[in-house]
Amino acid sequence: MLVAQLAYLQIVYGGKFEAEVDRTDKTVMTGSVPRGMIYDSKGRLLVGNSTHNAITYTKSGSVSSSDIYTIVNRLTKYMSVEPTDLTSRDKADYILAAPNKSKQVIKQMPKSYRVDSNGDALSTNKIYANEVKYVEKQGIHLNDKDMQRASLFKTMSSAYSLSTVFLKDKNLSAKEIAQVSEHLTELPGVSIGSNWERDYPQGKSIASIIGGVSTEKQGIPDDELNTMLASGYSRNDRVGTSYLEKSYESILSGTKSQKQVQVGSNNQIKKSTTLYKGQKGGNLNLTIDSKFQKKVQAALEEQYSAAQSAGITQYSDGAYVVAMNPKTGAILAMAGIHNNPQTGKTSEDALGVINRTFVMGSAVKGATVLGAMMDGVISPSNNTQADDPIYLPGTPVKKSVYPAGTFSSLSAIQALQFSSNIYMMNLAMKEANAKYTPNSYIHMDDDIFDKLRGYFNQFGLGVKTGIDISGETTGIEGTTHNSNGSLKTGSALDLSYGNYDAYTLIEMAQYISTIANGGYRLKPYVVQSIQKTKDDGTKGALTSVTKPSVLNKVGVTQDELNVVRKGMYAAVHGSGYWTTATRLKDLSPAVAAKTGTAQSFYYNPDNPSSDPPETITTSLVSFGPYDDPNIAMAIVFPNLTSESGSYPQLLAKQIYTDYYKMTGQK
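According to this note's numbering, numbering within the sequence shown proceeds without interruption in unit steps and concludes at 667.
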């Protein structure tokens with residue numbers, strides 16, 4: 002009967018069983034490709050990839066811990082690695098993976114580690130946990146070589162099935178590559194590959210704009226894990242984590258390679274075939290000229306250093322500048338310095354242009370004047386007002402920086418030239434239908450804050466600009482009513498001349514660009530175009546080009562805009578002691594500008610005070626050439642202890658000089 006049964010199985014089912022033994026499943030594996038490059042507006046490489054050899058490991062479907070232990074011990078004969086930080090559990094896992102080690106430990110463990118109080122055997126997982134506990138209790142002592150092996154073991158064991166991890170990709174010697182290559186047949190899953198990391202050939206002056214890329218260990222950020230896994234990413238993929246690298250992740254990451262893998266019945270990889278070699282990530286061409294960017298950063302550092310030498314940066318946050326083309330919205334340069342008042346240490350912080358807010362002061366007065374014209378309380382032909390100080394009960398006199406009585410009346414152009422706060426407050430009162438009597442409470446329409454802010458918003462003040470860099474914040478609005486529900490009329494007056502709400506510097510740049518280009522609020526951008534990469538690594542065809550995007554057209558006439566433009570021109574080129582921006586007078590071609598000074602306070606988050614030190618924030622918005630603007634600029638030096646020095650004007654003058662020289666404008 003046995004002979005008959007054996008014959009039956011061999012003759013009838015022999016082929017089936019043999020096929021089962023030789024059965025293979027085909028699985029498609031994906032592999033990473035080099036990330037796309039980032040170039041400046043002149044084609045200079047800003048961000049590239051430094052490629053280097055690597056030793057990789059692809060984990061089979063059901064490889065055992067003892068198999069990995071064997072591979073690791075063989076592999077460390079031919080290469081060394083830097084031991085990683087290992088927990089006692091990591092070390093115990095490595096020790097227990099040795100052949101027969103687990104069985105030995107189980108025999109040595111107390112009975113209570115193997116069975117429960119009823120004498121029933123514990124689950125496999127609980128027994129293993131007790132094995133780890135027992136090994137830890139006995140004490141773990143690994144030498145340097147064992148620490149290397151334990152580190153590799155952890156990396157290889159934690160890899161996902163059929164995924165590839167890097168075992169060593171830095172400081173890999175030619176000898177190590179040769180020795181590992183020679184013994185690949187005894188190292189299943191191990192192979193020689195390559196890895197990359199970001200490098201910055203032009204320096205890191207705009208590294209904060211570009212953003213960062215995660216390491217293989219960090220992989221996909223937790224808050225985007227499910228979304229990116231559903232899009233075909235692997236957990237350990239390197240992805241953009243901030244700013245341009247994050248905003249353009251789908252472009253820069255490229256298309257993964259595809260490899261068809263035949264897995265045998267023992268779940269070991271038997272054969273692999275490349276189906277698609279992958280497509281390197283697309284390249285970004287920026288609007289920023291790296292040479293101009295470096296000059297802007299150097300000029301900013303020079304002026305901030307001068308402010309430090311003058312001893313007025315005790316509470317300073319730093320300084321920031323952004324330049325853009327008002328005709329297109331293209332960012333020409335973006336630079337920033339962050340200062341830590343506690344330590345006095347400074348760092349590059351170009352992103353402060355889009356994610357930090359400041360009360361900018363009188364630099365916003367152009368929007369106040371144009372808002373009043375849109376509201377109909379003044380017009381291009383009828384805009385002269387008395388320049389008398391305003392007295393409110395329980396509040397210090399509200400006036401301009403010049404002495405009361407300096408001017409009996411001012412036109413809109415003169416008010417911008419001399420930076421009259423009184424003029425702007427009178428506009429706000431007219432828009433609020435206020436009846437003003439000195440030293441008496443002013444009654445205003447309850448919607449005055451909404452009205453003023455609504456006009457400001459049309460120019461980009463207080464709303465996000467839409468710049469193509471992730472992480473943009475928006476301005477901060479002050480409260481409109483007291484705790485008793487009364488309208489804060491004094492604060493409404495402060496808002497009119499820029500001493501209440503806070504704005505980002507990119508909002509200020511969008512605002513002055515809107516005035517410069519005839520009333521079109523344009524979306525700022527730093528990526529001019531996206532370009533493919535050829536097989537040989539050179540730049541290929543353009544896939545997209547950014548076109549100017551108009552977010553809204555401000556509801557003003559050209560005559561109304563001309564009033565403000567002339568007022569800003571007069572602030573630079575006008576006569577009179579109180580003309581505010583005369584340090585820019587000698588520039589050729591001529592520019593127009595509006596200065597800003599705001600009263601502010603230094604807040605120390607580590608030591609909050611009920612009586613914080615008073616500070617001064619100085620700012621400047623400008624555009625040039627005046628007749629046909631192709632550059633608009635916004636600058637802020639927050640929280641200085643003195644407004645002397647005219648640092649924003651000196652900085653703007655140097656930047657215009659450099660820009661005109663680089664672009665050949667005379």
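What the hints contain is simulated information worked out from the structure, not anything from laboratory work.
Keep in mind that a hint or two might mislead.
Okay, derived cross-link-like pairs now, DMTMM-like style, lysine to aspartate or glutamate, Cα gap no bigger than 25 Å in a straight line [what the hints assert, rightly or not]: (1) LYS295 x ASP223; (2) LYS567 x ASP350; (3) LYS554 x ASP659; (4) LYS102 x ASP170; (5) LYS127 x ASP91; (6) LYS43 x ASP200; (7) LYS295 x ASP447; (8) LYS465 x GLU644; (9) LYS295 x ASP469; (10) LYS155 x ASP91; (11) LYS489 x ASP451; (12) LYS452 x ASP469; (13) LYS535 x ASP147; (14) LYS60 x ASP223; (15) LYS524 x ASP447; (16) LYS171 x GLU137; (17) LYS247 x GLU177; (18) LYS146 x ASP200; (19) LYS548 x ASP629; (20) LYS134 x ASP147.
Okay, the calculated beta carbon distance ranges per label pair [stated by the list, open to error]: (21) ASN553 x ILE477: 35 to 45 Å; (22) SER67 x SER251: 52 to 62 Å; (23) GLU225 x ASN605: 50 to 60 Å.
Each residue gets a CB set at the ideal place from its N, CA and C atoms; glycine is no exception.
Against the structure, the hints:
Of the pairs offered as hints, the one joining LYS295 and ASP223 is violated, with about 35 Å between alpha carbons and a cut-off of 25 Å exceeded. For a cut-off of 25 Å, the pair hint linking LYS567 to ASP350 is broken: about 34 Å separates their Cα positions. With a CA separation close to 31 Å, the supplied pair LYS554 and ASP659 exceeds the 25 Å bound. Straight-line distance between C-alpha atoms of LYS102 and ASP170 comes to about 31 Å, which puts the hinted pair past the 25 Å bound.
The straight-line distance between the Cα atoms of LYS127 and ASP91 is roughly 17 Å, inside the 25 Å bound, and the hint therefore holds. Restraint check for LYS43 and ASP200: the C-alpha separation of about 19 Å stays at or below 25 Å, so the hint holds. A C-alpha spacing of about 48 Å is found between LYS295 and ASP447, which places the hinted pair above 25 Å, so the restraint is violated. For the given pair, LYS465 sits about 29 Å from GLU644 by alpha-carbon distance, which is inconsistent with the 25 Å threshold.
For the given pair, LYS295 sits about 21 Å from ASP469 by alpha-carbon distance, which is consistent with the 25 Å threshold. Our distance criterion of 25 Å between C-alpha atoms is met by LYS155 and ASP91, whose separation comes to about 7 Å. At roughly 13 Å between alpha-carbon atoms, LYS489 and ASP451 fall within 25 Å of each other, so this suggested pair holds. Using a Cα cut-off of 25 Å, the hinted pair LYS452 and ASP469 is violated, with the two alpha carbons roughly 29 Å apart.
In summary, the hint linking LYS535 to ASP147 is not supported, as the alpha carbons are separated by about 45 Å, beyond the 25 Å threshold. Note on LYS60 and ASP223: the hinted pairing holds, with a Cα-Cα distance of about 23 Å set against a maximum of 25 Å. A distance of roughly 32 Å separates the Cα atoms of LYS524 and ASP447; the hinted pair therefore is violated under the 25 Å criterion. A C-alpha spacing of about 32 Å is found between LYS171 and GLU137, which places the hinted pair above 25 Å, so the restraint is violated.
Using a Cα cut-off of 25 Å, the hinted pair LYS247 and GLU177 is violated, with the two alpha carbons roughly 35 Å apart. With a C-alpha separation of about 32 Å, the suggested pairing of LYS146 with ASP200 is violated against the 25 Å cut-off. Under the criterion of a C-alpha separation no larger than 25 Å, the hint pairing LYS548 with ASP629 is consistent with the structure, at around 20 Å. Pair hint LYS134 plus ASP147 holds up; C-alpha atoms about 20 Å apart against a cutoff of 25 Å.
With their beta carbons about 22 Å apart, ASN553 and ILE477 fall outside the hinted range of 35 to 45 Å. SER67 and SER251 have their C-beta atoms about 41 Å apart, which leaves the hinted 52 to 62 Å range violated. Look at GLU225 against ASN605: about 34 Å separates their beta carbons, and that is not inside 50 to 60 Å.
In terms of the numbered hints stated before, the structure departs from hints 1, 2, 3, 4, 7, 8, 12, 13, 15, 16, 17, 18, 21, 22, 23, listed from lowest to highest.
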